[in-house]
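Letter by letter, the sequence shown follows residues 3 to 150 in my numbering.
One or more hints might be untrue.
[What the hints assert, rightly or not] Capping the alpha-carbon separation at 27 Å, the derived lysine-lysine pairs in DSS-like fashion look like this:
{"no.": "1", "residue 1": "103", "residue 2": "55"}
{"no.": "2", "residue 1": "108", "residue 2": "124"}
{"no.": "3", "residue 1": "103", "residue 2": "50"}
{"no.": "4", "residue 1": "84", "residue 2": "113"}
If you're looking for bench data, these hints aren't it; they were derived computationally from the structure.
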Amino acid sequence: MSLVDLAKQKFPVEFSEEECKALFDEAKNLLTSTNDCINTKSFSANPKEENCKYCLYRPACSFFHKKLETDYSFNDVLGEIKDVKKFQNGNVTVFLQNENKNLIIKNFSSKMFDELNSHKDKQIRIYNVRKESTEFVYSITETTMIYG
């Protein structure tokens with residue numbers, strides 16, 4: 003086995019079959035241990051902005067969902083759709099309620115109106131939004147994702 007750098011120079015890497023098997027066993031044990039902690043609920047995540055900001059697992063993380071219920075520091079929101087408005091310029095705005103907070107997410111495409119409107123009074127989670135200067139107002143981005 004060898005590593006090749008950007009200048010296409012090869013650097014040999016010495017290894018043995020025993021080392022490979024030992025690393026594989028270590029990885030399997032770590033996976034088993036992690037899954038056991040999750041299954042017995044002895045695992046405790048630490049959801050905060052610096053830990054979660056770039057995590058791709060956010061949409062599937064129950065710890066993160068719980069944090070979103072009360073923490074508005076993330077570029078992700080959740081809430082129940084209370085209203086959906088389509089404006090003459092074609093933009094669509096969604097009005098969410100999360101506990102006692104009213105959130106506004108704007109600049110959806112007009113193509114999204116019927117889909118969003120059909121989910122009124124249902125909870126959704128919206129990831130990768132941009133915070134506006136007004137508190138609790140967000141705009142969608144190219145990477146915004148919606149989960150119902």
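Verification of the hints:
no.: 1; hint: 103 - 55; verdict: holds, 22 Å
no.: 2; hint: 108 - 124; verdict: holds, 18 Å
no.: 3; hint: 103 - 50; verdict: holds, 20 Å
no.: 4; hint: 84 - 113; verdict: holds, 19 Å
In this structure, none of the earlier numbered hints is contradicted; all agree with it.
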